[in-house]
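Peer 1: Take each chain as given, in its own frame, and dock them per the hints.
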Amino acid sequence: MSKIAFYFKMAWTNITKNAKFYVPYILTSFITITMFYSLQSFCNNSNLPRSASFRELMGFGLPVVYIFSAIFLFYTNSFLIRRRKMEFGLFNILGMEKRHITVLIIIETLIIAIISLMLGIGFGILINKLLFLALNRIVAFVTPLVFEFSMPAVTKTVILFAFIYIAILIKNIVEVLKVKPLELLSVQKSGEKEPKEKWVLTVFGLISLIAGYVISITCEDAYHAITLFFLAVVLVIIGTYCLFISGTIAILKILKKNKNYYYKSNHFASISGMLFRMKQNGVGLANICILSTMVIVMIGTTVSLYAGANDIIKTRYNREVSTTYYGVIDENLRDKAHDIAYDVSKKTGIEIENYAEYETLEITCGRKDNDFDAGFVGASLTTFDLYMPEDFESFYELKLPENLESGVLYIGASTFEMPKDITLFGKEFKVIDLDLSKPKGLMSVIATDSCAIIVPDEETYEIINKLQKAAYENTDGMLASIPDIDINFDLKCSEKDEHKFYDEYKEAINELVDGTENHNINSDLRQDAANDFAEFTGSFLFLGTFLGVLFLMATALIMYYKQIVEGYDDKRNFEIMQKVGMDKSEVKSTIKSQVLTLFFLPLLVAFCHMGFALPILIHLLSAFAITNIKLVVICCAITCAIYAIIYAVVYSFTSKTYYKIVN
Amino acid sequence: MTLLEVKNLQKIYTTKSGANNVEALKDVSFSVEEGEYVAIMGESGSGKTTLLNILASLDKPTKGEIVLGNRKTTDIKEKDLAAFRRENLGFVFQDFNLLDTFTLKDNIFLPLVLSGKSYSEMEKRIEPLAKELGIEDLLLKYPYEVSGGQKQRAAVARALITNPHIILADEPTGALDSKASDSLLNLFNKINEEGQTILMVTHSTKAASHAKRVLFIKDGVVFHQIYRGDRTRDEMYQQITDTLTTLATGGESRE
Ligand SMILES: Nc1ncnc2c1ncn2[C@@H]1O[C@H](COP(=O)(O)OP(=O)(O)OP(=O)(O)O)[C@@H](O)[C@H]1O
Ligand SMILES: [Mg+2]
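Just so you know, the sequences run in chain order A and B.
Residue numbering for the first sequence follows my numbering, beginning at 18 and increasing consecutively.
Residue numbering for the second sequence follows my numbering, beginning at 955 and increasing consecutively.
Hints are computed from structural coordinates only; laboratory data are not their basis.
Idealized CB from N, CA, C, for every residue including glycine.
Relax, there's no trap hidden among the hints.
Computed list of lysine-lysine pairs in DSSO-like fashion (alpha-carbon distance at most 30 Å, straight line):
no.: 1; chain 1: A; residue 1: K609; chain 2: B; residue 2: K1071
no.: 2; chain 1: B; residue 1: K1033; chain 2: A; residue 2: K281
no.: 3; chain 1: A; residue 1: K596; chain 2: B; residue 2: K961
no.: 4; chain 1: B; residue 1: K1059; chain 2: A; residue 2: K605
Far from chain B by the CB rule (all over 12 Å, computed), these chain A residues:
no.: 5; residue: I131
no.: 6; residue: L150
no.: 7; residue: Y182
no.: 8; residue: T244
no.: 9; residue: T365
no.: 10; residue: A373
no.: 11; residue: S423
no.: 12; residue: N537
Ranges between beta-carbon positions, derived for each pair:
no.: 13; chain 1: A; residue 1: A22; chain 2: B; residue 2: G972; range: 37 to 47 Å
no.: 14; chain 1: A; residue 1: F140; chain 2: B; residue 2: K1095; range: 51 to 61 Å
no.: 15; chain 1: B; residue 1: K1095; chain 2: A; residue 2: C625; range: 30 to 40 Å
no.: 16; chain 1: A; residue 1: K673; chain 2: B; residue 2: N1143; range: 43 to 53 Å
no.: 17; chain 1: B; residue 1: E1189; chain 2: A; residue 2: N35; range: 54 to 64 Å
Looking at chain B on its own, in the form it has when it is part of the complex (with noise of 0.2 Å):
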């Protein structure tokens, strides 16, 4: 079933002037299925983030449309997005987006302190996940006292807590070593196994080799996409360095 679907998005930044206007987003169209693990690769400025955050709703696209489940979520109005974003999506961002002034608990607790739920249902909730992530015994702790790799467990441990149709990561393994990226991918897989589907935006060509689909974005467009399908993560790794290097080079588009 198809889960999200975007349709010929365009995105222009527009200046006051509007002599310096930016084509970030030309037109873009692609589709999620249920249970996917997607990566979106692009070179920096190919408007990837951009992309994320049309797709969070934290952004207005000049153009097009997107469906999630079966809303359009270009149509929700301004003061339902808030409370659309808390239940549906979940984000992992690459600077954590961590607040200093809670624990670790706190944060993982505040979209469901948002929606108001009780908390016997938020600890009900903490628990088995704490746990999946290795994070049950850091959950007092303040964000300054944890690593990176903690950090970024903790933020996917609130991504996850609301039960999201859909994760959204900007970059997730950008600020961490190579030990903690491969926990936090091979974590990615196995929640991924469980079910859940995954948009992952990465530069990194480890990461994206972890996923079952990477996109590749360039000049604003969808400029090709490779399926994993029954090959191994060496393969995979293989054909993401080929495909970036055609893209580098200006080679065609092939599918």
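Same shape as in the complex, but just chain A (with noise of 0.2 Å):
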């Protein structure tokens, strides 16, 4: 028998040997390869649809997909290692070298490698196809998706994955060869000392974890929401590892110091071993709470859009054809574009409803405290819409104050809070607000600070025009705003016919601009609109749905591994205070206690998370219009409710086996 084919038998009988270790490792290499190919595949599909945005979102979800995998190898091949060292120096002590000992771990590996990828990549396939059944129903393309076999998909995941296993590898070997053969034997043996508290970290974490809440809960409007989400997530994010790992261990030293409470027959076991598990643990349980927290955040708010999606689209195109004119071509524009609309309406037998019509100058300046002027380089930019009284009034069908005062500003809606006394491009002006509720499509999906302005009169307006083009004519590089025009409109007919009468309007629209420059229109029909919208809707709810089922299943199998490993650890406890009078109920209820503690403290801690990052995600989501925020909270809360129960059907499952091996 040649000296390969010896290795190849070695390793094999290595890995069956340690099924009960390897087995998990498999399964999570093939879980995060199958997801892997998968989303790769998808996004080498030649025939995705049309709308970028979906492309996009697969594309970003990529990397995450790859660094997590990345990650999640590493700490359940940790674990692995750990238990195989001690084998490894039994090796060495029975005479094996350690080049030999090498050969067998890269052996092992490439075994391991070669399992993973092909039952990954098999199963991806498969369930590729299964993919592209849901997202068809879920997303409503226009064009059904057709699965393709991708090669180029195949390939990248096989280099990819075999980088990790490159790495994970070297870092075995590394720490296999680092230790003596005497200390391999024993690192089961040797013991661990009582874990220290670490004050400071246990307060920075508390300081960052409370810093991250006080963001989203004082978070006011979408702007703050979109610049602050990150920065709270990173905080939440440090805090709870901080937490977890020294905060834990404090609670639990303050507990043990109170002597009548600690030795109590149902606390005694369970604090000092809960402190040892600690300090072990500490950061597998703070990644079971962060990736739980991501997976109901992301399922929760992703089906909130895909819930409001309707919503969305009412609010931003208040009828059924929207239409501007960017820039104004002519005195007679507006006469143009009615005339158009009804020519097309005759021609076609379709009649037009409910048609509005309003002229609006936007400006966009910087601004300095009360100061709004075109030349701030590098501050903050405003943006102004101007409105004259009767066409806000026709347009979002409201009633103004009357008699408002001539050279005073009027507020519509503002997504900042407008000072009371302003200085624009140099010139004074008294601020009022009218606070009106936010009328239907105004100001719908702008995120940066901007505001609806009523200008009294046409005497107002024209003093800001002039202010505005004499303010960037002498700046360099900087344009005058034009005034634009929108035309809105509903039409009398079925969705079908609509087609009917759009096709044509936007052909005569089209023929007003041709052959101008500078000017151009953008129409939309809103029913082409909300298809788009349900396409990236649908698009975010499928890569929510997707990386929260990769985390959830990332997190059953910690959640399994911190079971095996930590059955064999307090295996050998049980069995000692069983010796020395402790009966079976009560090493039952002792262990009961710790894991049920152990493993739904990350749980809870996530409810926890999930309650505080609520207001800010509810501004979030306004950016993208969704204001109902009932039914965001609905939406979170069905999703933690049906996370919880996941989660303790998975501890359920988990715990059999860690019960199984301390009886």
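Peer 2: Structure follows, in structure tokens:
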């Protein structure tokens, strides 16, 4: 028998002998590879929908899945190598040289990698087919997707995962070769010091966590939500890790110091057990907690987005046809636009309803305190939309107060706190907020600071227009704004017939701007926009669920690993306690309280995070025009509930393994 | 007064197939008086550990009964066994069986905590005990921070702290070097002189020579026993050696 064959045989025996540890490891590899391959082949699919947003979203998910796979494989491997070190130490003592051990480790890794890749990609192809069916169902694609096998996806998956395996292999070899045989043998036996409380870390974690929470609670608008969300997430993650690593130990230490509490049969074993457990598993528990939070937040928000899609469309397009003429080409543009619409109506026989039009001047300027001007380099940008009162009233179907004072600016809606007195392009203005409830269709998808201003009369309008023209002409590289015209109306016909009208209409309005420069038209039909948007939110939902399921599986596997590893650690302890006179039911209840606390703590903390994240999430979703707070809360609550159920099921499955080992 | 009475004990280890059943104990009977110090010897595989486990009610005999004080331990219900063990028996094991996650002090407290004693009571009990065993300064250390002999002394303290009727020890010197063994055996002599009943299983002739009586087990029965009486420890040692030689050469039993 050749040497290599001998090594293969030995490696195979090792793997099968340690099946209890290898099966979950291979399972992890296989699941992450399946996920990665499916996502990758989605991205490579040539007949993906026309909207780029879907492809972009998927592309965004890929690195996340990859990094996550790497972290996760390293994590599961660390459990494995801890066990295997002893075995390799024994081989070494029995006379196996280090280079033989190295070869053995390489071959073992090779076998694992090949099995995982074959299973993962094979299953990935299968899953892909199912996912296409699912995706076609969730996302209303205009042309159904066709499944296709993607060789580049296979190659990319194999190469990228080969990198991970090589990195793990190097880590394992270094780790095994680093230690001396005697140490190897005593890896398990060497005592562990009781963990020390690290107050600095605890306080730091607490501050970080509270800071994250405060950002969320005090968040007031979409703009702040978008800019601060990432910071809040990072703070909460740091806080969670610190507190799981040191905070839990600090609490347990305090409990332990209270002698009358500690020396009670139902606290004694569990407190000291958890104290040591926390030292090893603080990070693992924090992982579970963060993953759970991600799953809940991701699915909760994407479900909210999906469920609120109809609202979004209704708010954004207050009538079925919306046309914007950017830049007024001539004095009679309003009339021309009106005529075009009614001509097409006559021609197609489809009646027009709720015809509304307005002219608006959009100016963007820099802001310094209460001073708004053109040339503020690096200042925060603010956008003002100026409306005439009649236009505003007809368009948004509301009544403005009578006799607005000339020279005063009235706020129709604003995404930020407008000062009472401002200086606009060097002239002072008084500002009055009309306190209108936000009109439908107004500034629904604007994230930056912007403000809709109603100008009381023609005179004030002209003053501002002149001011801005003058200001921008004196500023290099800037163009003064030209008023835009918006025309919106409904059609009195079925959704199908709307297209008959719209196609002709679109052609007609395009003729209007043909041959002109710097002018263009944007026109939307509400149902088309709704379809596009459904595609967008659908892919969001899909990606959210996809990543959510991935993280969920990761959580389940971490839990499984923890149970096994801890089971073996605890077995001896419980045997001794039974010998000293602890009865079976006491052992059981101790195990139960310990395991329950350790497993449900991360879930509880995750729910706590979710609760505190709600305010910022609500503002974040408002940037997507989801304003129905109740809907968001309900979606998140349902997600939490379902997650809790799945978590409990996973727990009960994995804890069975633990009890089997301990007894 | 008789403290422990063992009557016609039999233990058969059954395998699933039933083909390889092992009769570890055939018919063992003996009794232990209060305040006695008894050693049990026998070849490897003769059933010593089996006997001790049954005495400790960690295992059930196939036949026979055990009376401790005036209670038949073989009749005690499963759920009361742990408490019975905790309150009446003290154990010293060859591999100490200390919990790594507890300090020596907490290890010693374990049976008291399980019995629901108050902390002040525990403190009161450990103080003289630790002094006597010479581990006062080690109480706050963890098992891996102390030597084998010190570990074993902590294990003895854990066995004694409940004031048990009888101490059961399975090869208590098995993992110790000769100096630590001597120290432990002297300790056993000392606590025995103070009235503590001890039953010890051992391979070591030297350890057995410390006892007041030595029982020899062979082929699942009590084959022979010798009383120390007025003999010195050296004479006892010689006597045990002779007996072991006779046993090994298959000699007849003589009482
Ligand atoms: N759990 C068990 N199942 C089956 N057979 C067992 C079991 N435990 C012990 N035996 C058998 O019972 C017999 C007595 O074992 P025991 O452990 O009592 O011997 P011992 O006298 O303590 O030996 P040693 O001096 O080596 O410790 C042996 O033949 C052993 O193989
Ligand atoms: Mg034995």
